[in-house]
Structures are given as C-alpha cells and as structure tokens.
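S.K.: Fit chain E to the known structure of chain U by using the hints.
Keeping their order, the protein sequence lines are chains U and E.
Residues 1 to 479 (the working numbering) make up the first sequence, in order.
Residues 1 to 479 (the working numbering) make up the second sequence, in order.
The hints are simulated quantities; they were obtained by calculation from the structure and are not laboratory data.
Mixed in with the good hints, there may be bad ones.
Copies of the same chain look alike in the list, so a pair counts if it works inside one copy or between any two.
[Claimed, not checked] Once the Cα atoms are required to be at most 30 Å apart in a straight line, the calculated BS3-like pairs of lysine-lysine come out as:
id, residue 1, residue 2
1, K342, K447
2, K46, K338
3, K342, K252
4, K252, K447
5, K46, K447
6, K252, K46
7, K338, K252
8, K447, K338
9, K46, K342
2 protein chains.
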Amino acid sequence: MNETTYPSEPPLYDRVARVVRGMIDEGSLRPGQRVPSLRSMSRQLKVSITTVLEAYSRLEDEGMIRARPQSGYFVTQRAAVRIPAPRRSRSQRAPRRVKVGDAVHAIFSLANRDDVVTLGIANPSPELLPTRTLSRLVRNISGRSSRRAVDYCFPPGDPLLRREIAIRSSGIEGSVSPDDMVITSGATEALMTSLTAVAGAGDVIAVESPAYFMLLQMIESLGMLALEIATDTATGMCVDDLHRAVHQIDVKAVISNANFHNPTGSLMPDEEKRRMVRILAERDIPLIEDDIYGDLYFGEQRPRTLKSFDTSGNVLLCSSFSKTVAPGYRVGWVLPGKYQDKVMEKKQLVSSATASLPQMTMAEFLRSGGYDRNLTALRRHYAEQVRQMRGAVAEYFPDGTRVSEPFGGFVLWVELPAGTDSWELFNRAMEQRISITPGMLFSSSGKYRNFVRLSAGQPWSPRLEEAVRAVGRLVADVQ
Amino acid sequence: MNETTYPSEPPLYDRVARVVRGMIDEGSLRPGQRVPSLRSMSRQLKVSITTVLEAYSRLEDEGMIRARPQSGYFVTQRAAVRIPAPRRSRSQRAPRRVKVGDAVHAIFSLANRDDVVTLGIANPSPELLPTRTLSRLVRNISGRSSRRAVDYCFPPGDPLLRREIAIRSSGIEGSVSPDDMVITSGATEALMTSLTAVAGAGDVIAVESPAYFMLLQMIESLGMLALEIATDTATGMCVDDLHRAVHQIDVKAVISNANFHNPTGSLMPDEEKRRMVRILAERDIPLIEDDIYGDLYFGEQRPRTLKSFDTSGNVLLCSSFSKTVAPGYRVGWVLPGKYQDKVMEKKQLVSSATASLPQMTMAEFLRSGGYDRNLTALRRHYAEQVRQMRGAVAEYFPDGTRVSEPFGGFVLWVELPAGTDSWELFNRAMEQRISITPGMLFSSSGKYRNFVRLSAGQPWSPRLEEAVRAVGRLVADVQ
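If we strip away everything but chain U, and leave its shape as in the complex, we get (with noise of 0.2 Å):
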C-alpha cells in the first residue's frame, strides 16, 4: 500500500485550512476581513509558515480567500455561503405510471466523452479512486489465479468478497454472514434483482420524491408504478406519510437511500429509520435500502444502515465499489434477508455470475486495508467538491435559487426560480459541452421541471468553475 497516494491522516496544510474554513464558518471571520498574517498563523498552530502558506494557497485555489498585494489576505465573498436549501417534497396521492426513459437515454449517450463537462452523472473521477493500488493487485492476483480469474464465479459469488464484505457489514448492519449475500453486477443490478424478487407488473412501489431516476426508470421498465412520498433535503422521507400511504395503498414494496439520498443528499435520523423498518415489518412490506453513498459521510461517523434495525429479514440491502473504489469493476451486492433465494435465482437469470478478476481483485483490496485507508482520503475529498460547487452556484446562480446541503455523497439538488425550464436548460447547457441532469427525471409526474442535479465527483478545477458559471448564465434564459 503507497501511503504517500492514500494517506489515513491530512496533510498538516490541510489542518490549518479547516481552522480557517472553521472560522469562516462561524462568523468569527466574516467576507471582506483580513485573514490572520503567516507569522501569525504560524506561531498560533505551531506549525511552518511554509505549512501556512501552502494551506492559503490552496484555500485561495478554492476560492475562500484572495491576496492582495501588500496587504495579506482576505475572505472572499464566495466563502460564506448562505443559501437556502430546497423545500420539502409533496407526497402524491396515487401511484402513477413511469415515463422517464427517453430524457435518461439521452443523457448517459453523453456520459463517456471526454469533451462534454460532466456534471451530469454521479460518476467518482478516476483521479480520485485508487487506480494504481488495484492495478498492482490485478497483475498480482491474474499471474497467481489465472485460472480462476477465467472460470465461472457464479452465485452468491466469490466466498473471499463474501467474508470481507461480511467482515465490513458486521461494523455496520449487526451481524452477518457471508452466506446472507448475493454478489451482484453494480448496485445497479443489485436494485433490479431485488425489485424483480418482491414485486411485479402492477404492483406499486413507494419510493422518494425526487427518486434516483435509474429507479423510476426500473419501476418504468417492469410495468411497476410509482408512488412518491414527500422528502426532506435534510432528513430524508417522511415516514409519517410513508405509514399513511401503506395504510391506504397496497404498496408491494418501499424502496428508499436514507443514506446521503440521490439527490437530496438527505440523511434519515436513526429514530425515523426504526420506525420506517418496524412499520413496513409489521405489514410484510419489503423494504428495498439502496446504501451506495453509506460509506461517503461527511460527519464523524458512518451513519447506521435501515438493515441495522432489520429484526425480520425484511430489509434487502443493496450497495456496490462504484462509488468508492471503481465504477469499472462492476462489483456491488445483496443483502436480501428472507428474500435470498428469491433473489439469487434471479441474478442467475439475469447475468449467470459477476465477472471474477474483479470480485477477486476487490477482495483483496478490503483484506489488505486499503479500502479504509481510501476511503478516509476520499471522504474528505467529496466533502471538498461538494463545497466547492455549493459556493459556486450561489455567486453564480441568479437569487432565488436554492440548493441542499449534503451530508455525504457528492451530488447537488439545485431548485431554480419557479417557472425555469431545465429541459431547456439541459440542451443548451449541451450546446456549449455541459451536461447537466434536469429535475424532471427524478419524479413520474414531470414535478421538479425547475430543479437540477448537479455531480460534484471531479476535483474542483477552473473548468469545473466555468462550466458552473455558464449553467448560471443560462438559467436566466430559460425562466
């Protein structure tokens, strides 16, 4: 493991930064004041000027601070974001079918070109993900295996990314067994497995609203219907409307992100989440957990998973590496509770196996450690962009706009001044190479026509900053 690439501890630069992104924050600090002198600094945190300049410099990068010539440096404008977050959600009152396929289809045929600006598909940037670790792991693990890494793995998949996902699992969900999992294609197919093993055409699923469209577009896909339930940019569904909905709806299954939510990057208190999971128990409703942001939390801890109050076998938990590790490895995976049969017969259907080299190579990764020691590096880089691009919309979106604020992940949910076509937005945004995902994708009623969802992923960089700006500019054409 190159711990210069993954550090588990910041840079010393990098503490100074947060003191004074942490003073800025509090208001002891305010735009247009003076940041304390390099000497200064220095003396206070008992660390190098060099050290000191080094994190200026960075936080001026970032936009916080700017020098001015002979006088030092001071807070910027852009630094105290105050903008308000989205309002809570409506929930509907009947299910309704799904048509969202078209506008999906045409954003993911922008996906992997290398002139459009990406702000459009939640995708981690290579950049930020442990390429060469894995890379060495492949040669080793392919000159060592290379039969297995030819063979069939079929399912529930390779035992060893079993156990250490098990190993990982049991911090998180309690105690679990490597036998109580289903590795899967992605979350992706993790979520569609599970959806196909509890319900079927006709069957009506709750889900949040907004909804990660990929979900609408399953439930679309699979003659389903949709019924949205009102959701907080902060605390995520209300489970009060949840429980009058299931009282009043033969709803065949829930299915919820109450880990950093797409796109709200909401997060459900731990009292909610017990509630939620004892509710729908009570009703034998399956309750469908997409956790694939869990781990990416900005906070001082991982934040419990609805599996973990999970007493029944109710709860199917899904997640992948695609996030974290490598969306190219297509490695993601089940926790189906009493639906595991169910669920293992129709992976089976589906794709046969997972592919093995990468099953392979990502159980190593975890047994080695070095999922841990990336993660910690990843977390805090997330954490960064997702700022960055909040500061950004703010100077550059006209008033008006609101824009939540995440508690992990690393995607945006802008609310635009009512009455903006983000439709619109969307191609013109094309027209000039930026790809942007509009509002109405998240919802089967076409709700959320003046919202977007914007993908902090990449690390902050003048382009990113411009392509920003230029959404900005747009959105006063298209109201």
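M.R.: Only chain E this time, still in chain U's reference frame:
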C-alpha cells in the same frame, strides 16, 4: 503469443491418430481386428515409429484400441459406436406457462464444487482456455491503462472491443459496424435484454423443443408463455411447424439456437435459415438468435448465422466469449438490428455497464490473433471430448439409449429407455457426487423426463469415464 501452448496446426501424432480413427469409422478396421503394426504404419505415413507409438498410446487412452502383450494393438468394441440419435420432438399445440426455476436452482448450486464431477453444466474447462495469455494481457493493460480499467465503460461498450468483434462478425454476417453492437455481461444478459426489448408479460415466445433451460426460465420469470416447436437433432427447429404456428397463434418473438443447438447439437441447413428469417420478417416477428456455440464447429467451416440472412434488421444476434475464451470475464454482445435503441436502454437498466477490464483484455486478445489461434485448438479438443463421451455412453448405458451426434459445441442429448425417470437419476447421481441435467428442464411441459444432457466441456479422463459409467449403471435402477 505462445505457439507451443496454442498451436494452429495439430501435432504429427494427432494426424496418425486421425488416420486410424478414419479407418475405424469407415469400417475398414472393425472391432476385434488388429491395427497395422508400428513399423508398417510408420513406413506408410512417412513418420517416425515414436510418433506412431505416441498416436497409438493416445488412441489407447481414448479406449479406441487396446494393446495385447506380444500381439500388437486391436480395435475395441467401444471404437465403433453405432448408436441412434434421439427422435425428432413434437410441436406444442398451445403456448404454456413455464415452471423450471427450482430445479435449475438446485443444479447451479452444485456448479462450483470441486468434489462434484460436473456433467450437468455446459462449462468449458479452464484447462482448455488461454489462461496464461489472458493473464499476460491483463497485466499489460492494467499497468498501461489503470484509469480506464476502473472507470465506467457505459453502453454500448468499449469501442476497441466493438471494432474487433465487428471485424470478425463481418466475415460471418456481412457488413457489421461497431455501432451495430451493444456489449453485455455475457450471453445471458444479451438474451435477457433482447427478450425484454421485444416482448412483455403475457406474450408468446416460440422456442426449440427441447430448449435451453435458462431461456425457459427467463420466459417464466418475465411472465411470458413458451411455444415449443418440433426440433430435429440433425437439422434443428422445424420451419414448417414454425410457419404454421405463427399463422395460427400471435407469436411475439422467436428464439433460435440454429448453430449447434443446446442441448441437441443440431445445425440448421442454410436454406432453412433463409426461409425462417424471411417468414418472420414478413410478419415483423423479431428473431432472437443465440449463437454462442457458432465458433465451435467440428466441420470444415464456420456455419452462417441467421443474422447473415437478415435484410430488414429483424434479427437480434446474441453471443459471448463464455464458451470459447473466458466464462469468468462475462463479455457478451448483441447485434440488435432495428431494436438497437431498445436493447441499449434495457442494458443500462439491468446493470448500467459491463466491467471494463475484461472488455479491454478481450479486445486485445482478438486484435493480437490469440482468439483465432486458440479456437483452432479448442475445436479439436471439443470434438474429441464429445466423441469420447458418446463412446462411453454407448458402452455403459443400457440398450435402448439414444444419443445425439452434435455438429459442434460440447453437449450431448441422451434419450434413455422409455419410463426412465431422469429427475430420480439426477438425485441418485448426486449421491455419488456426479451432476447431470435432467431432461424435463428443457421443456415447459415436463416432457423429456427420460432424457439427460451431458456436458463434455472437460478433457477426457478416467474420472469422467468412471462418472459416465456410474450414471449408466444407475439408469437401470430408475426405470
């Protein structure tokens, strides 16, 4: 490329062995007769005595000839297998709901166990696959393109891989462009996305009878109905019967495995392929072609695909490298014709993307010529293994047994004497740690109860011979 490992020309002793086999097949050498002496054969074929000895030793290992001390080599009874093929199946009058899931699940749960002799799953043995070459390519690519290897490779998939497949396909299908293709996670996902792209719950799908059980399971899982069409173990699906069926019943799609049908090994003649494609195009009924065994021909040349007769974009060709290169890579593809957009959308939905590194490695394996070299050796191995297993079935199974004579691939379809219960046989064989596939899995109506499919994917060995013998002995017990 290591020429020693994957020679494009068979070794000398192999040619000698072929000559002897030819004499036996033509009847100029009969069971019990003496094989020409080492010396006379050496003179006749202008090869060394050592080479002839090597050839005879191998023929002895195969059970074709047997040495008698002081007397030379003699042809065994096994050598002249004269066993009839199973009779042509019958078409169903009406479509049926399918229910094979549970049995398939039972068989797959045994697939990866080392202590079981696996005659039940159509797996190529890793010993026959180019594991060392692939391992070298993986190491190169993973070092050179470490970022691309971890990043998403969104549908339609890796451009280099699509180009290489297009180049190869163009020899077989006529003109194919990389843009005509969607890469999938193996042929299973190719078939699943194709099927869901053209049909929905309640629709009738015409298939061969017997049909690959995974197809039936897909149809079951999607709430569709199967209509089984009579199939000949030599010439494949009966096009006359299919013609009548689409006239009488609203058939929504047809799935055909025209080249080396699983499980019968049949090969549809070109004229029938042409007719079938025309009949379905006239009615705008999509034809899904499963061509995964197409490259594994035992004859002189690669058979044409149904797709090669398609002028209207009505054929969706599905294939993969799982039977020829690396099952564990999960690399397959669809040439969806006019259903391209729909298949793309389904692919995004079921797994977002296919794993990147296996795609990149496969592209390089094709580009470097490794694929074609490996195939030459592989075809010879499979032909030999199928021949061995047919011989063993003829020798050890009771009178009244019939066995298919496949034109390619590596599975045998065995018709046991009427009244034999192959489900019971499956259970009894499992007690002896041998897996076979019971025939009723290959029909929606529970037909083929007195059939089994045996896979000859592994190099012939005393362990395999003993397993076939053991199954043969059990047949008498379950009649």
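S.K.: Each hint needs a verdict: does it hold in this structure or not?
M.R.: Cross-check of the supplied hints:
1. K342 x K447: Between. Shortest inter-copy distance 25 Å satisfies the 30 Å Cα cut-off; intra-copy 34 Å does not.
2. K46 x K338: neither (56 Å within a copy, 69 Å between copies)
3. K342 x K252: both (16 Å within a copy, 27 Å between copies)
4. K252 x K447: Within one copy only: 23 Å inside a chain, 35 Å across chains, cut-off 30 Å.
5. K46 x K447: neither (53 Å within a copy, 83 Å between copies)
6. K252 x K46: Answer is neither: 60 Å inside a copy and 76 Å across each miss the 30 Å cutoff.
7. K338 x K252: The answer is within: 16 Å in one copy meets 30 Å, while 35 Å across copies does not.
8. K447 x K338: neither (35 Å within a copy, 33 Å between copies)
9. K46 x K342: For K46 and K342, the Cα distance exceeds 30 Å both inside one copy (60 Å) and across copies (63 Å).
Of the numbered hints listed earlier, those contradicted by the structure are 2, 5, 6, 8 and 9.
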